[in-house]
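6 protein chains.
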Amino acid sequence: MFYHVKELQFNARVSKPDPAFASMLLEQFGGPNGELAAAMQYFTQAFAMRQPHPDKYDMLMDIATEEFSHLEIVGATIQMLLGPINGELKNAAEEAEIMQLLDGKAKKEDFIHSAMMNPQFFVLSGGGPTVTNSQGVPWSGSYVNANGDPTVDLRSNIAAESRAKIVYEYLMQFTTDPYVKETLSFLMTREVAHFQMFEAALETIQPNFPPGVLQGDPRFSNNYFNLSNGADARGPWNEGKSTGLGETWQYIEDPIKHVIESNGMADHQPQGTDRTMKSVEKKDKEMSKERSQHVKKAVPSGENQWCEYPQK
Amino acid sequence: MFYHVKELQFNARVSKPDPAFASMLLEQFGGPNGELAAAMQYFTQAFAMRQPHPDKYDMLMDIATEEFSHLEIVGATIQMLLGPINGELKNAAEEAEIMQLLDGKAKKEDFIHSAMMNPQFFVLSGGGPTVTNSQGVPWSGSYVNANGDPTVDLRSNIAAESRAKIVYEYLMQFTTDPYVKETLSFLMTREVAHFQMFEAALETIQPNFPPGVLQGDPRFSNNYFNLSNGADARGPWNEGKSTGLGETWQYIEDPIKHVIESNGMADHQPQGTDRTMKSVEKKDKEMSKERSQHVKKAVPSGENQWCEYPQK
Amino acid sequence: MFYHVKELQFNARVSKPDPAFASMLLEQFGGPNGELAAAMQYFTQAFAMRQPHPDKYDMLMDIATEEFSHLEIVGATIQMLLGPINGELKNAAEEAEIMQLLDGKAKKEDFIHSAMMNPQFFVLSGGGPTVTNSQGVPWSGSYVNANGDPTVDLRSNIAAESRAKIVYEYLMQFTTDPYVKETLSFLMTREVAHFQMFEAALETIQPNFPPGVLQGDPRFSNNYFNLSNGADARGPWNEGKSTGLGETWQYIEDPIKHVIESNGMADHQPQGTDRTMKSVEKKDKEMSKERSQHVKKAVPSGENQWCEYPQK
Amino acid sequence: MFYHVKELQFNARVSKPDPAFASMLLEQFGGPNGELAAAMQYFTQAFAMRQPHPDKYDMLMDIATEEFSHLEIVGATIQMLLGPINGELKNAAEEAEIMQLLDGKAKKEDFIHSAMMNPQFFVLSGGGPTVTNSQGVPWSGSYVNANGDPTVDLRSNIAAESRAKIVYEYLMQFTTDPYVKETLSFLMTREVAHFQMFEAALETIQPNFPPGVLQGDPRFSNNYFNLSNGADARGPWNEGKSTGLGETWQYIEDPIKHVIESNGMADHQPQGTDRTMKSVEKKDKEMSKERSQHVKKAVPSGENQWCEYPQK
Amino acid sequence: MFYHVKELQFNARVSKPDPAFASMLLEQFGGPNGELAAAMQYFTQAFAMRQPHPDKYDMLMDIATEEFSHLEIVGATIQMLLGPINGELKNAAEEAEIMQLLDGKAKKEDFIHSAMMNPQFFVLSGGGPTVTNSQGVPWSGSYVNANGDPTVDLRSNIAAESRAKIVYEYLMQFTTDPYVKETLSFLMTREVAHFQMFEAALETIQPNFPPGVLQGDPRFSNNYFNLSNGADARGPWNEGKSTGLGETWQYIEDPIKHVIESNGMADHQPQGTDRTMKSVEKKDKEMSKERSQHVKKAVPSGENQWCEYPQK
Amino acid sequence: MFYHVKELQFNARVSKPDPAFASMLLEQFGGPNGELAAAMQYFTQAFAMRQPHPDKYDMLMDIATEEFSHLEIVGATIQMLLGPINGELKNAAEEAEIMQLLDGKAKKEDFIHSAMMNPQFFVLSGGGPTVTNSQGVPWSGSYVNANGDPTVDLRSNIAAESRAKIVYEYLMQFTTDPYVKETLSFLMTREVAHFQMFEAALETIQPNFPPGVLQGDPRFSNNYFNLSNGADARGPWNEGKSTGLGETWQYIEDPIKHVIESNGMADHQPQGTDRTMKSVEKKDKEMSKERSQHVKKAVPSGENQWCEYPQK
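Heads up: the sequence lines are chains A, B, C, D, E and F, in that order.
Letter by letter, the first sequence follows residues 1 to 312 of my numbering.
Letter by letter, the second sequence follows residues 1 to 312 of my numbering.
Letter by letter, the third sequence follows residues 1 to 312 of my numbering.
Letter by letter, the fourth sequence follows residues 1 to 312 of my numbering.
Letter by letter, the fifth sequence follows residues 1 to 312 of my numbering.
Letter by letter, the sixth sequence follows residues 1 to 312 of my numbering.
Keep in mind that the hints are not guaranteed to be accurate.
Note: identical chains are not told apart, hence a pair may lie in one copy or across any two.
[Stated by the list, open to error] Straight-line C-alpha distance at most 25 Å; calculated DMTMM-like pairs for lysine to aspartate or glutamate:
no. : residue 1 : residue 2
1   : Lys241    : Glu203
2   : Lys297    : Asp284
3   : Lys241    : Glu199
4   : Lys278    : Asp217
5   : Lys296    : Glu94
6   : Lys282    : Asp177
7   : Lys257    : Asp232
8   : Lys297    : Glu308
9   : Lys283    : Asp177
10  : Lys289    : Glu303
11  : Lys283    : Glu203
12  : Lys297    : Glu94
13  : Lys296    : Glu308
14  : Lys289    : Asp177
15  : Lys16     : Asp267
16  : Lys283    : Asp267
17  : Lys257    : Asp267
Keep in mind that the hints were calculated from the coordinates and are not lab data.
Using the sequences plus the hints, can you model the full thing?
Structure follows, in structure tokens:
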């Protein structure tokens with residue numbers, strides 16, 4: 001159950017209206033890396049984690065709720081940046097009041113001009129935020145990644161926080177309003193905080209690589225296919241040991257030749273690895289048993305109740 | 001700022017898993033008339049109402065927050081209806097465990113069969129909700145109507161509540177689980193409650209018709225164009241007095257002829273109305289002045305702060 | 001069956017091209033509250049109403065057809081506002097003819113500059129309308145609300161007309177062309193007319209509240225949850241009698257406490273209402289019987305023919 | 001201006017309800033190759049053609065209007081195929097009436113089972129059509145191709161009619177209802193008729209190849225890059241004369257080598273063609289002049305009126 | 001299997017950055033007629049053609065691969081046109097560095113100003129291309145037409161190439177950079193080449209009209225319905241012989257009257273054609289047999305392997 | 001420039017058709033975590049990395065090209081799983097051939113039945129893949145994350161590989177075909193390989209945390225807001241040291257109280273950290289300088305050429 005207090009989590013202010021920046025800021029209201037996307041991602045992931053992983057559930061709901069609170073901060077800032085548009089539009093009988101401003105009154109002209117970056121502020125939302133990105137594209141449920149496995153979902157979240165952070169970093173360069181900068185700095189820094197929370201939570205699950213349960217075929221886990229020819233680069237991603245499995249990278253210099261000669265990789269043999277088909281199979285079975293039992297024990301197969309009153 | 005308690009607003013329970021119904025219920029999670037759509041609509045409308053209409057703002061945030069709480073109830077119910085899917089999928093090493101159930105074990109087969117209505121529960125979300133409607137279409141920001149005018153927004157909300165109500169009414173016919181029915185009945189009834197709240201709020205704004213500020217041209221407000229020929233019906237929508245303006249409906253029997261003869265309506269004269277171009281112009285100016293001043297007085301044109309600490 | 005005459009329903013004219021306004025006007029061509037959305041909504045609703053409600057069917061098809069005619073007026077106006085773009089683009093061999101205009105020829109420059117608000121007019125549609133809103137977002141079938149119940153659909157239409165009206169009201173403030181204003185005024189006023197038609201039609205259905213058939217649980221229909229704390233407002237939406245059911249609003253001051261103490265509302269008892277579980281059940285059954293029989297009588301269960309020739 | 005008569009263009013009937021086929025048939029109601037897509041495509045193209053090409057405008061509006069009439073036929077057939085669903089849903093108080101049918105009443109069970117292909121018929125539209133394709137994806141304005149040039153638009157239409165035709169051909173194989181087959185056969189055949197109309201109209205424009213105005217660089221118009229290696233095929237698309245320009249195809253056996261040696265095609269010289277940079281430039285200028293003057297003469301640069309009353 | 005070389009198929013260069021044109025050019029990167037749409041269309045069509053039509057498969061894969069190579073050229077050009085944006089954004093600590101440029105440094109101002117056409121270059125992509133059209137609408141899988149029949153797919157491709165050609169023709173008018181023009185001219189000309197390849201391939205299939213297998217009902221294939229009244233035009237699309245079937249067009253002057261009198265076309269008799277229901281039925285059967293056998297022979301019904309190593 | 005060989009990277013085979021699994025497998029063809037999404041993400045990111053980070057560019061293009069090759073493998077497998085559908089549909093004249101199979105021929109019935117999971121295979125694509133996910137939702141350009149900073153993009157890729165891996169893990173449980181399992185195992189394992197490549201590449205950039213350039217405000221980087229009340233959990237995400245910055249987590253037990261008392265966090269002071277506003281500012285400036293110079297040096301501000309011939 002959610003609850004709302006009218007105080008914002010951060011004391012958002014603006015020095016003066018700036019509709020052009022309001023338009024850019026929509027990117028964090030209804031854009032793919034914005035606050036609604038973050039809030040809905042953690043909220044949606046939380047359902048499948050509720051019964052088997054109550055600690056992760058608590059963390060996801062803490063952060064999801066904070067992201068909803070950030071969504072409110074972003075919306076409030078956009079609203080204040082739009083300034084008098086809503087009121088001006090109510091003056092509907094004055095013949096093209098808004099348009100007349102364009103003739104001779106320089107300051108207002110700039111205001112209108114900058115607002116034109118997003119015509120929907122005028123003709124659709126009447127001077128309020130829209131659930132879109134900075135180009136007017138409506139928010140989509142497909143922005144949400146929730147795959148029912150904490151070793152995957154937490155990584156999705158680490159990446160999502162990275163993207164949200166960089167978008168705020170970019171946005172801060174397009175305003176000189178110290179109040180707005182302050183708010184953006186708060187929001188950006190919170191992404192840095194959340195990033196570390198998700199990283200720490202991921203570390204509490206062991207093993208967490210590869211993500212999910214299955215280990216992967218030892219014949220194919222350490223090949224590097226040199227598929228972009230010319231100006232080839234070598235680095236720890238295609239030479240030396242691999243990061244997660246500690247296998248030795250096998251660099252396939254001429255992939256077309258290799259694929260044809262290996263009968264489409266079917267005859268390719270594992271190299272540079274200690275893992276075998278057998279060891280993988282054993283590990284797969286162990287992990288399957290452990291992970292499925294963990295979930296099955298926590299989720300009743302018959303009658304189910306979401307929570308007790310009061311929640312302990 | 002939002003806050004979350006782990007207790008649901010309603011004590012959601014299920015008697016046993018039913019993934020087919022979980023799939024249908026997605027319509028109210030991520031569908032166009034679902035809880036996310038309602039929550040985001042009232043939340044988004046609230047921004048423009050904050051400063052000029054603090055009472056409407058309070059109501060919108062109360063109801064938006066309740067809708068977020070309903071979204072949680074719907075998600076929790078879907079999760080419980082999906083039952084053991086997440087756990088079964090973790091048993092990944094068992095050769096097609098889930099598929100083998102199809103041979104001979106009737107009860108499980110039904111389970112799987114019904115789950116197949118929505119393959120994404122298996123291959124994408126891993127046994128959790130998706131931010132989509134019952135057919136898998138992702139939620140869209142375009143579901144949200146927020147037009148910056150309370151006489152419009154409140155009507156959008158009355159209609160939205162009507163649609164949400166009927167979808168719950170339909171859904172209730174596809175489950176025999178008494179716990180689930182109980183939850184759906186709660187949710188459906190709340191839409192009835194919200195409907196009346198929005199209706200009452202609309203009545204406090206006078207005049208509220210026509211929506212917005214401008215009155216409309218008296219030449220065109222009471223014509224009925226009979227554009228679908230054959231089996232014509234007459235009723236209070238095209239004879240007698242009109243509901244809002246109290247004008248006498250003018251039935252245009254043969255619209256093509258009338259349009260041509262009136263030079264594309266340009267020569268059409270007002271009939272059956274007391275309103276004149278002059279009276280309309282006067283009313284337009286009065287309303288414009290009143291409504292724009294109301295907003296302008298409340299919204300500062302320079303520095304602005306969203307809220308005080310503590311909020312009074 | 002549809003038929004077209006080349007005369008527009010309204011004599012649309014423009015004083016001179018204005019591509020910036022053409023771009024804004026797209027909001028009513030392919031936007032969520034535009035003419036295509038209205039036409040398709042009433043047209044789609046009409047199918048389910050055809051056999052059980054022939055009078056509503058007639059009205060919906062009359063208005064749907066008028067909205068298609070309005071769509072044509074809007075498209076024609078956009079086309080005229082785009083003026084010479086299509087012809088200029090045909091002059092393709094002249095080295096950047098359009099671009100060269102930017103150097104020194106002030107009037108043309110303005111033209112081009114304003115057209116840049118919507119680059120698709122140049123590089124995609126070649127100087128004609130696109131089936132998008134003012135930001136280029138393609139029209140979506142999800143804009144259409146049709147839920148198979150006249151007490152819901154007519155309310156969706158009242159809201160849709162309200163939104164369409166306000167968008168025209170906003171648009172009129174961004175043109176000074178008297179011809180264009182005249183056309184927009186006609187279109188805006190027609191929304192006011194349609195609003196009243198739908199309202200009158202809704203009144204002919206009794207009872208029409210709650211929308212649909214089921215009455216709602218008397219325990220939950222008159223509670224107001226005070227979920228947004230601080231600066232709370234009271235008004236007819238949370239005190240006194242409710243508008244539709246005439247119950248007394250029950251204001252739940254501290255919803256978290258109340259939910260926990262009422263075992264997630266499960267132990268909550270009805271208050272401030274004469275309706276009981278029993279009376280509701282009775283009404284539900286009566287309404288179910290009446291409404292289902294009405295439809296079933298009109299819709300053949302075997303062979304079916306849409307219409308007779310000629311239609312009577 | 002549109003007009004509607006209640007008679008369908010074709011006498012659509014069904015022998016009995018078949019909701020599974022109703023679901024498939026949605027492909028032609030709200031799918032990318034369906035009747036709404038066709039109607040909106042020709043209607044949208046018509047705007048830019050109105051003043052410079054009144055004969056093409058007439059044809060496009062004739063066919064667009066027919067496609068709207070087909071949309072109505074498809075919708076009517078879907079409605080009849082859905083049969084009693086709308087009425088059954090009104091019987092809302094009967095405890096899971098629809099679900100209970102599943103136990104023991106074989107015929108009804110089949111009905112319900114087949115309806116489950118599209119859950120939205122039950123929980124969203126209440127037994128009526130939706131503006132989606134057969135999978136529930138909402139219709140999109142991006143289905144419409146209108147590029148402001150008849151040599152392009154007419155080709156888009158020929159292709160659109162081809163796709164619409166094949167979809168009807170496929171659909172006809174999934175019904176055994178003779179009435180429905182008859183209707184589908186009518187609709188399919190009309191696509192064949194329209195195909196030929198567009199083809200004939202394209203022929204009246206000379207030259208119509210290449211589409212648009214510019215002729216294309218003679219160095220690049222007759223090369224065939226053999227970019228998919230192994231099992232290469234030769235045919236009139238890469239040997240002999242090209243269809244439109246009558247140039248001799250130049251087969252580039254080893255494109256990587258050729259690109260590198262020709263400095264990224266920059267040093268490639270024309271071969272197998274009589275066209276030269278000079279002849280192309282001349283033709284480009286002639287065509288530009290002719291085509292742009294044709295349009296500019298027809299489209300006034302100042303005041304403009306869409307049509308006269310009455311239209312001649 | 002794909003392979004990449006770092007050389008572009010065409011030596012793409014720019015004279016200087018031009019972010020406004022970069023924004024327009026996105027239309028051919030992620031727009032409905034752009035290179036990704038073309039590449040994915042031919043690639044997707046190729047799968048169904050692989051076994052029954054290996055020669056068409058080879059052609060489709062040759063051209064699809066070329067379109068992917070063009071996508072790379074377009075992306076590279078956009079990147080170079082965006083110039084220093086990515087680097088400037090990295091200078092994040094300098095207080096509004098980018099914004100400060102707006103004061104007094106004219107040249108940079110223009111740069112920024114023109115970049116503002118697409119705010120996502122700044123706040124989302126950080127100075128790189130986005131998978132959207134020129135208005136920011138994300139690329140959609142619905143742009144791809146692949147219907148499993150070469151007589152349909154090849155026509156879709158001819159139309160697609162026509163649209164791609166005209167968009168390049170339009171784009172060339174908005175740049176004066178000779179390097180960019182050169183690249184666009186190459187890309188535009190390649191569309192002209194591909195058009196002719198698809199046309200030639202279509203000709204190798206006989207008969208190829210009507211598209212697909214079924215011939216169409218002789219009663220409905222040559223009627224022209226005069227559904228847009230006033231200013232009617234006659235031409236080879238409604239008088240004389242039809243292009244594909246060589247039937248005589250039947251002009252239905254008054255379609256409403258005709259439809260009513262013919263009982264919804266049910267009593268309409270074939271005229272102006274030699275085809276009969278019988279001859280059509282015969283042709284349908286022959287074609288069905290021939291076409292289905294051709295495919296069935298090539299596609300194994302049991303075990304299947306996509307290719308041999310090495311491919312012959 | 002891309003090049004294609006007809007051999008698949010992996011020798012894909014199927015034992016027999018299975019259209020139900022073909023439908024599920026679409027999730028990896030045109031779904032949000034599928035091969036097209038991966039290929040386009042790395043390909044799009046590569047543009048901005050080309051000049052400043054040639055080694056990362058090489059890696060991204062190697063992997064992007066492999067993902068395109070995987071897209072081909074997935075498409076080929078879907079095509080083989082669809083088996084004879086395309087051929088059956090060509091037998092169009094046989095009265096409902098496909099439907100008749102439903103009566104009495106058990107094996108074929110199963111085939112048809114399972115195919116019905118995705119009606120578009122029959123009525124749209126004619127027995128070939130569609131560019132959609134398993135529910136028919138078209139692929140969207142919004143699936144692609146490319147933000148112009150390697151410390152962000154590589155993290156997006158690590159998460160994308162995790163999701164792709166788990167979807168394959170899930171999919172493998174819904175087929176018993178050993179050939180198909182083998183192919184899926186290859187594809188799943190390659191995601192594990194790519195994950196490690198991206199991880200290794202990220203490590204070569206130092207510092208890589210926080211992602212981007214700016215360090216974040218020391219007042220807000222180590223607070224944990226306990227916003228979901230009841231059943232609170234403690235763990236390394238809200239106690240002890242944070243993972244990236246090594247600060248001590250500050251647990252805010254009662255966030256509402258804290259926010260109000262700290263004047264909306266404006267008066268909140270840093271605790272548990274050595275970082276100061278000053279040290280952050282210094283680091284921000286250093287990093288800004290270093291990172292922007294790195295990029296600016298590599299990207300010419302005037303004339304630019306994408307590559308040399310031959311590429312070194």
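Tested hints:
1. Taking the closest pair of Cα atoms, lysine 241 and glutamate 203 come within 25 Å of each other both inside a single copy (21 Å) and across two copies (13 Å).
2. In this assembly of identical chains, the alpha carbons of lysine 297 and aspartate 284 lie at most 25 Å apart only when taken from the same copy (20 Å versus 42 Å across copies).
3. For the homomeric pair lysine 241 and glutamate 199, the shortest alpha-carbon distances inside one copy (23 Å) and between copies (12 Å) are both at most 25 Å.
4. Proximity of lysine 278 to aspartate 217 under the C-alpha cut-off of 25 Å is restricted to the intra-copy arrangement: shortest distance 10 Å within a copy versus 51 Å between copies.
5. Only between protomers do lysine 296 and glutamate 94 lie at most 25 Å apart by alpha-carbon distance; the minimum there is 15 Å, versus 67 Å within a single protomer.
6. Taking CA atoms no more than 25 Å apart as the test, lysine 282 paired with aspartate 177 passes between copies only; the shortest distance there is 21 Å, against 60 Å inside one copy.
7. In this homomeric assembly, lysine 257 and aspartate 232 come within 25 Å of each other (Cα to Cα) both inside a single copy, at 17 Å, and across copies, at 18 Å.
8. Proximity of lysine 297 and glutamate 308 under a CA criterion of 25 Å is satisfied intra-copy only: 18 Å inside one chain copy versus 48 Å between copies.
9. For the homomeric pair lysine 283 and aspartate 177, the shortest alpha-carbon distance between copies (22 Å) is at most 25 Å, but the shortest distance inside one copy (56 Å) is not.
10. Taking CA atoms no more than 25 Å apart as the test, lysine 289 paired with glutamate 303 passes inside one copy only; the shortest distance there is 24 Å, against 33 Å between copies.
11. For the identical chains of this complex, lysine 283 and glutamate 203 are intra-copy neighbours only, at 20 Å inside a copy versus 28 Å across copies, given an alpha-carbon limit of 25 Å.
12. For the homomeric pair lysine 297 and glutamate 94, the shortest alpha-carbon distance between copies (18 Å) is at most 25 Å, but the shortest distance inside one copy (69 Å) is not.
13. Taking the shortest alpha-carbon separations for lysine 296 and glutamate 308, only the intra-copy value of 20 Å comes in at or below 25 Å, while the best inter-copy value is 45 Å.
14. Only between protomers do lysine 289 and aspartate 177 lie at most 25 Å apart by alpha-carbon distance; the minimum there is 23 Å, versus 57 Å within a single protomer.
15. Taking the shortest Cα distances, lysine 16 and aspartate 267 sit within 25 Å of each other only across copies (23 Å), while inside one copy they are farther apart (68 Å).
16. Proximity of lysine 283 and aspartate 267 under a CA criterion of 25 Å is satisfied intra-copy only: 24 Å inside one chain copy versus 50 Å between copies.
17. In this assembly of identical chains, lysine 257 and aspartate 267 lie within 25 Å of each other by CA distance solely inside one copy; the values are 13 Å within and 31 Å between copies.
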